[in-house]
Structure formats: structure tokens, C-alpha cells
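**Student:** Now for the letters of each chain:
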Amino acid sequence: MKPKRALSNIYIALIMLFLYAPMLVMVVFSFNGTSSTGVLDDFSTKWYSELLKDSVTLQALSNTLILAVTSSLIAMVLGTAAAVGIHSMKKKWLKTSVLTVTNIPMVNPEIVTGVSMMLLFVFVGRLVGKSDVLGFPTLLIAHVTFSLPYVILSVLPKLRQTDRHLGEAAQDLGCPPVTAFFKVILPNISSGIISGLIMAFTLSLDDFIISYFVSGPKFQTLPIVIFSMTKKKVKPDMYALSTLIFLAVLLLLVLMNIMQARAEKKEKKAQSARL
Amino acid sequence: MEKNAVIIDLKNISVSFDGQPVLKNINLYIRDGEFVTLLGPSGCGKTTTLRIIAGFQAPDSGEVIFEGKVINGVPAHKRQVNTIFQRYALFPNRNVFDNVAFGLEQKKLPKAEIRKTVEEMLALVNLKGFEKRRIGSLSGGQQQRVAIARALAVKPRVLLLDEPLGALDLKLRKDMQVELKNIQQRLGITFIYVTHDQEEALSMSDTIVVLDNGEIQQIGTPTDIYNEPKNAFVADFIGESNILDGIMHEDFSVEFHGMRFQCVDKGFGKDEPVDVVVRPEDVDIVPPEEGMLRGVVTSVTFKGVHYEIIVDIDGFKWMVQTTGYSAVGDEIGLSIKPDEIQVMKKSAYSGLYGDYSSFSEEFDELSDPDSESSDDAPAEV
Amino acid sequence: MKKTSLTAKLVNAPYIVWSILFILAPMIMVVYYALTDRDGNFTLSNLTSLSEYTETFGRSIWYAFLATVICLLLSYPLAYIMARSKASRQRTLMMLIMLPMWMNFLIRTYSWITILNNTGILNTLFEAIGIGRVQMINTPGAVILGMVYNFLPYMVLPIYSVMCKLDQSLIEAAQDLGCNGRAVLKTVIFPQSLPGVISGITMVFVPSVSTFYISQKLGGGKFMLVGDAIEMQFQSAYNYNLGAALSLVLMLMIVICMLIMNRFTDNSEEGAMLF
Chain A
1136 MKPKRALSNI YIALIMLFLY APMLVMVVFS FNGTSSTGVL DDFSTKWYSE LLKDSVTLQA
1196 LSNTLILAVT SSLIAMVLGT AAAVGIHSMK KKWLKTSVLT VTNIPMVNPE IVTGVSMMLL
1256 FVFVGRLVGK SDVLGFPTLL IAHVTFSLPY VILSVLPKLR QTDRHLGEAA QDLGCPPVTA
1316 FFKVILPNIS SGIISGLIMA FTLSLDDFII SYFVSGPKFQ TLPIVIFSMT KKKVKPDMYA
1376 LSTLIFLAVL LLLVLMNIMQ ARAEKKEKKA QSARL
Chain B
907 MEKNAVIIDL KNISVSFDGQ PVLKNINLYI RDGEFVTLLG PSGCGKTTTL RIIAGFQAPD
967 SGEVIFEGKV INGVPAHKRQ VNTIFQRYAL FPNRNVFDNV AFGLEQKKLP KAEIRKTVEE
1027 MLALVNLKGF EKRRIGSLSG GQQQRVAIAR ALAVKPRVLL LDEPLGALDL KLRKDMQVEL
1087 KNIQQRLGIT FIYVTHDQEE ALSMSDTIVV LDNGEIQQIG TPTDIYNEPK NAFVADFIGE
1147 SNILDGIMHE DFSVEFHGMR FQCVDKGFGK DEPVDVVVRP EDVDIVPPEE GMLRGVVTSV
1207 TFKGVHYEII VDIDGFKWMV QTTGYSAVGD EIGLSIKPDE IQVMKKSAYS GLYGDYSSFS
1267 EEFDELSDPD SESSDDAPAE V
Chain C
22 MKKTSLTAKL VNAPYIVWSI LFILAPMIMV VYYALTDRDG NFTLSNLTSL SEYTETFGRS
82 IWYAFLATVI CLLLSYPLAY IMARSKASRQ RTLMMLIMLP MWMNFLIRTY SWITILNNTG
142 ILNTLFEAIG IGRVQMINTP GAVILGMVYN FLPYMVLPIY SVMCKLDQSL IEAAQDLGCN
202 GRAVLKTVIF PQSLPGVISG ITMVFVPSVS TFYISQKLGG GKFMLVGDAI EMQFQSAYNY
262 NLGAALSLVL MLMIVICMLI MNRFTDNSEE GAMLF
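Residue numbers (the working numbering), protein chains in the order written: chain A, 1136 to 1410; chain B, 907 to 1287; chain C, 22 to 296.
Note that these hints are calculated values from the structure, not bench results.
Be a bit skeptical, because a hint or two may be false.
In silico lysine-lysine, BS3-like type, Cα no more than 30 Å apart, as pairs [claimed, not checked]: (1) K984(B) to K1400(A); (2) K1022(B) to K984(B); (3) K1087(B) to K1401(A); (4) K1293(A) to K984(B); (5) K1227(A) to K1136(B); (6) K1172(B) to K1209(B); (7) K107(C) to K1230(A); (8) K1038(B) to K1013(B); (9) K30(C) to K1404(A); (10) K1034(B) to K1017(B); (11) K1403(A) to K107(C); (12) K30(C) to K984(B); (13) K1403(A) to K30(C); (14) K1318(A) to K1136(B); (15) K30(C) to K1139(A); (16) K1227(A) to K1139(A); (17) K1034(B) to K1014(B); (18) K107(C) to K1318(A); (19) K1181(A) to K1367(A); (20) K1293(A) to K975(B); (21) K1353(A) to K1368(A); (22) K1038(B) to K1318(A); (23) K1209(B) to K1318(A); (24) K1401(A) to K30(C); (25) K1136(B) to K1209(B); (26) K1225(A) to K107(C); (27) K1367(A) to K1293(A); (28) K975(B) to K1013(B); (29) K186(C) to K1400(A); (30) K1077(B) to K1318(A).
Here chain A is said to cover these stretches of chain C; the calculated rule only asks that three of the stretch's residues, wherever they fall, bring their Cβ under 8 Å from a Cβ of chain A [to be verified]: (31) 80-94; (32) 132-142.
It should be emphasised that the depicted structure is a prediction, and the values quoted were computed from it without experimental measurement.
The beta-carbon is built from N, C-alpha and C at its ideal position, and this holds for glycine as well.
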């Protein structure tokens, strides 16, 4: 048993090395004294201070956050309503076809989604006689569209798990249907809604390919700015920024992990209390 | 009970789902304070009937009348009836107290009054001290009690119970049956109870409504239903029964197994073909020469209180329950008193139920408890 | 009842309108542009001129296929080891695998240049131990490495999640019936994990076959993939009609690949949902 264990540990370590090598490079070079991303020089934090002065990057960062917040919130509301609607659909063919359409942005290559939306916007732009349609509104539409399926698919299972008589029970006790939904159904699916929201938010933050096709020069997100930078030579301030993002994500994930572990413990306790 | 006023009246109710009729022209009235059970196999329409009364399902045609007023258009949340759902449908995000308080909160009652009522209700169902418990931490039986307390808290005129004990194990189910009946008698509320368990129906109800295929087969007291089933379906679904083809020659005289028997039934046409029901416990075993019928014992099963004996008479396997022992292979005689013979008109169910030739206790217990109808279709070899 | 169905319609309507406008209409746009010329007249020339791109399509499929196979070979043991670890270890490993997905993929890919360059980290290492320089950057290998690196988590996660749900008693039953370790893997574990493998394959293959950034950066632009061709038409050559034709064919190609894959599984429910 022992050598097998060691073998699997070595295997995991190698995979992790593969996954984290570029990140390590990124972190190390963010402290490089020169502007090279190939040769190491003195230790320095100048790229971090440089980053704070770079107005283009900061503007892009704030654009990205604005877009992520608005698009994920819209996707959450629209997606939850859609999930509830799909769940209550009685006609099977309708349900299947709506779900199939919902799946399209997930199974389609991102580049095709991006291109197709760009074509639509350009086409409509031409119809109304505007040549510079691409900007914040088109980005927002695109981000809501590709986030929607993730919200729907994380809310739907929660709805299926919910006792289908719950809403009826509330009505039975004197609650009008709409209030019944907010009072007893919503609390039960809230975990699905929240995880859908988080997913939508992170997808939006990170999206490059689709944004690349539907954005214009007036409103650029961070990934697009990074892309145009990597076209030339990347300066270590990009690495500094990525290191900071890396730390933020790490912190968030660790927090989520701890919360999950706590919830699991609580669940176990509740189970033992039942006996 | 008879003097009480009618509280719910269903008139010519029909419902179909996707073109499939579920209820066919149901007419049923229920008196105030009555314990009525809708009994039938799964898919017979009993739950749909309940949902129509609760307001979750609109009938395609027909009227739902509550105390003389048609309430077809009244939504569920405005009806004075409350439901106990099959899986209780307790609100998982609220604790026991908040679940029971839910209906009272909807009525916007003062806090103190809500607290008082909830405590009363929890005491009624023996759950004092459980107020702060989470629903997930309760056992099935406890959840059941919370569901009862929650429905009763709003003081319904009629309580609808949809197979409320179906998820509990046998022992707990028996206890809850007694408890529910007690609660019903103490509060004097009308209970409409849906079940597929004939024993449950017989022991709890004032009136039983037997349903099959979306049609009412028989309405009556438990004794009526058991002793005088109207057709082969009711006879077979409730209790064990030997169902034979017979001919009613004249009033008080019926023929089966080629023999004439005296009976207490009348009002059939001359020489009308009929179904004859004899309950296994109503047959007396006598020495062969004294018997009205003669047969050979093919199997004997000890059941504790009695023996269950299968007797072959002219190829028809009878079931007889008796306290006396007979060995397999014995020739015995059967004697049946006139009032133990129930004669029924032929119906769509005639000839469906056969004899006990394929009857096996083991099989019965192994099979899904949900399909408790003793549908021992004869697997003739 | 009639009232609730009206509410259901109101809940559904916004999403149905949204998906028609922003999922279906863009797809129609792709078809429209692919079948018209610059002036909007019907033509098949866009599609016929695609014959020039046969090599590009072939290369894309071949590279994506290799990347998918490598991902599968790397992920399967990893997912297996993960699924059989302690809960706390599972959580940590999950987090470590997901973390890179949250980072900007442009920067992560760019970092590989530092590692693979002729004067990069690996070559410096090779020279130090006397192997000498190896040409790594701007080779097909580097492109495939980039794909594996970027999409590996998409393969690990679905396989891991089906392996977690694997019924332990099934494995025990197989052992009880005289299966040795390898036979258990072959007869019980692998067939059971197939749905995860299938979804992993789609999740790696689709982005690999349609990527454009990885090939530009790690392949030095020498190995044009379909993604590159599409990107070029939209962002520099401005021939939307040809780009749309390329996208259409790419989309159809993926649908065909997935149909073929679905034939290998009896997961008819999911299949019905996708198509």
C-alpha cells in the first residue's frame, strides 16, 4: 500500500507543478528589477507602484468590475425567473426545446458565440445606420447571454429538490401564490441562485474571447487590455496585477472552502441529532 | 352524524389530464364533522379529488360546493380547508415554531396570540419543547406531527389528508392512526382522508368512498363496505374474498358450484348471472359428509390467530380461515350460512379476480407495499 | 389554475424573448453572412473558398484531438486518486485545480513563453545539466502543451465528480465476485465514469479546436488554426462573410463530433437535451 501512496503523491505533485509553473513565473517576475519578463534581475516592487499609476489598466479594471456586477445581477434575476418558468412547464417538447436553446452558448465554441453576436450587432447597427454600435451595451448583452445558462442550470436542480407541494402548502395556509413563492420557494433555492451569481460574476470577469468580438474602443475590459499588451512585449506590471488577482482569488477560495467545511460539519451534527 | 349539515358537495366533477380521464362524473357529499376516507389503488383519482377540494386543481366540469356556495373560482389560499401533504411539505428554512405559525402569520394575528396557538397545537400533537428544532433534525413521525399542528393551527373547517401515514413504518403508522382519530373526535373537524390501505380505512373512517378508474365504486360505512360489497372490485380490494360465478334463480336462492344455496339477497331477475362473495372467515369446516361443498386441502398456513387453508373444490381454490387444523390432502366439507353469502350484480370487474390458486403470502409481502390491492391475477399453468 | 399559468407565462416570457434575440438570432446571422456577399446578395463563394482552409481545419482537429487525449490520460488517474482521498484532502486538491481557472488565461499562457523560450527557464536548466538547448517555443508541441495546460481542469472536474458518486458497494460486489484490481477498473469503475469522461472530452475538445490565442503566442503564428483564421477575418481582414462561413463550418464540425460521441454513450437523456 505504501509505495502506491507515494506514487500517487508524486503524480499529484507533478500535475500541480505543471499547473502552477506559469503562475510561479508570473509571481517571481512581478518583482523583477528590470522590465524583462525573461531574465531575472534585482528584487523590486516598482511594478506594483507603477501599476497604481497606470490609468489605462485601472480604468479597464473598473470597467471589468462594473460589467461583471451588472451582467451577473441581470443574469441572476432573468435566469432565476427562467428556471422557475422552465421548471413549471408542463409541455415536454417546449421544455426540451427551451433547454436545448439554453445549452447553445455552453456547447458552442466561445469564438462562434462572440462572432455570431458581433454579426448581429453589426447587422442591427447597419439597419439603424450606426457604425460604432460596439460598446458597453453590447458587452452587457453578451455577458448576460453567456452567463444565463449557468444561472439556470444551477437553480434548476434546487427547484427539483424542493418539495413540489411546498408552494401549495403555503397557499393552503392562506398565502397568495406570488407571496408563497418569495416566502417559501425562494429561500430553498437561494443557494443555487447565489452559486449561479458567483459563476456569472467570475465568468464575466475572466471572459476574453467573447468580449474581444463585441467590445469597442470606448469601453475596454481588463482581459482586452491585457490582450493588446501581450501583442507587444508584456511589462512586469501585468504580472504584478495578475499576482494581486491571484492572491484575491486564493483568499476567496480558501474562505469558501472553510465555509463549506463548516456547513458540512453542521449537517453531520444535524444528522446525528436526528437519531 | 346523520343530523349534521352537508359541508362539501361535489357535483358531476370530471377531470382529465392530457386527454386521459382521471375523474368521471364524481358526485359526493360530505357532512360536517365526518371522517371520510377516499380509498382506492394508485391512479384511481383519490388524490385528484382531494386537490379539487383544496383548490389546487380546477375540474374540467362540475361544481365544488362549500356550505351551499359554489367555490370553483375561489383560490386555494382563500378556502377554509387545509391539507396535510403526502411528504408533509414542511418549510425546511423555518423551524418547528415558524412552520406552525406560518398560517397564523398570514392572517396577521397579534404575536402573543400566535405564540399561544402554536403552543396549544404543539401540545396537541405531543411536540412540546420542539419549538426551536430544525425540520431536518426531526424524524418522520415528528415531521408528521408538525404538519398536523401546522394545518390545525389555522382552525380549518375541513382537513384534507393525502396519504399522511404512507411514509411511516408499520408500528408508527398504527399509533398515528389512533392519534389522528382521537384528534378528529376531540376537535370535531371534518377529515377527508386519502389512502390505499384498506385496513387504515376500515379502522378510522365513518364513511368510506371506494374509488377506481376515476369512478366511485361504493360509498358506505366500513361495515357496509366489508359485508356488502357492491361489486367484485370492492369485494376484492377490501379484505380477502372468494368470488365465484353464480346464478340467482329467485329471491333468496343462488346457485354456484352446481349447488343451490339459501341466501338473504333479493331483487334480481329470474336466473340472472351474478357474482357471489364469501369471506374466508365466514366458512365453517365440517366433516365431508356434512358439508354443502366438498374439497381437498392443498395448503395450510399458520397465521397466529387462525389457519389459512386453501381448499380445492371442483378446481376452484377457496380460501378458508379457521381455528381448527386440517392437514394437506384431507378431504373436508364446507358449510356456509345464508347470511354469509353476498350476491352482487355482474359488473365490469366480474371474472377479473379468480381464485386463490396462485395465492402466496410471501409474494404478497415482497411486492411493493404501495400496490396493496390483492391483485392476485391467477397465473394458471 | 388558469391564473397561475398566466404568471408562469409572465415569468417565462423575458427569457424566451432574450434567447430568441440573443441566442437564436445570432446563429441565424452566422448562416446569413456565410451565404451572402458584401452587398447582401446570395452566394456560395464563401463556402467554396473554404477549400483553401482544409489544412487549417485538419490541423485544428488533429491538435485538439491530441490535446484531448493527453488531458484524458493525465486526468483520469488524478481524478481517481482525488476521489479516493480523505474529504479534507479532496477539498484542497479541488481548490488547487480550480484556482488557475480563475486567473486570466492570456497571462498564464504568456508566462509559458518565459519557460519555453530558447533562452528561457527550461533551456537554461537543460544547458546547466548538459543536455543543450531544445527548440520548444513555436513548435506544434508548445501549442498542444498550451491547450493541455489551459483546459486540463475541464477534464479533471467532470471525471472527478462522477467518480465521487461511484457506489463503493459496486466495487466491493465486484471484488466479492472475484475481480482483481484491474478487472474492477475495467468492468466497474470505467463504465460508470464514462459520462464524466464524455463531458470532459467535449469540454476540452471544443475550446481546443476553436482557440486562437494559444497558437499565436506559443506557436509563433506559424501554425494557423481555425480560430486564428476566424479571428483574422473579423479583426484584421474584415471579411465578415468568409469569417461567418468559417464559423458555420466549425460549428457544424463540432456538432458532428458530438453526435458521434453521443453514439458511444447511452446517456440518451442528456443527448436529447443537447440536440
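**Student:** So, against the hints stated earlier in the document, which numbers end up violated here?
**Tutor:** 1, 3, 5, 6, 7, 9, 13, 14, 15, 16, 18, 20, 23, 24, 26, 27, 30, 31
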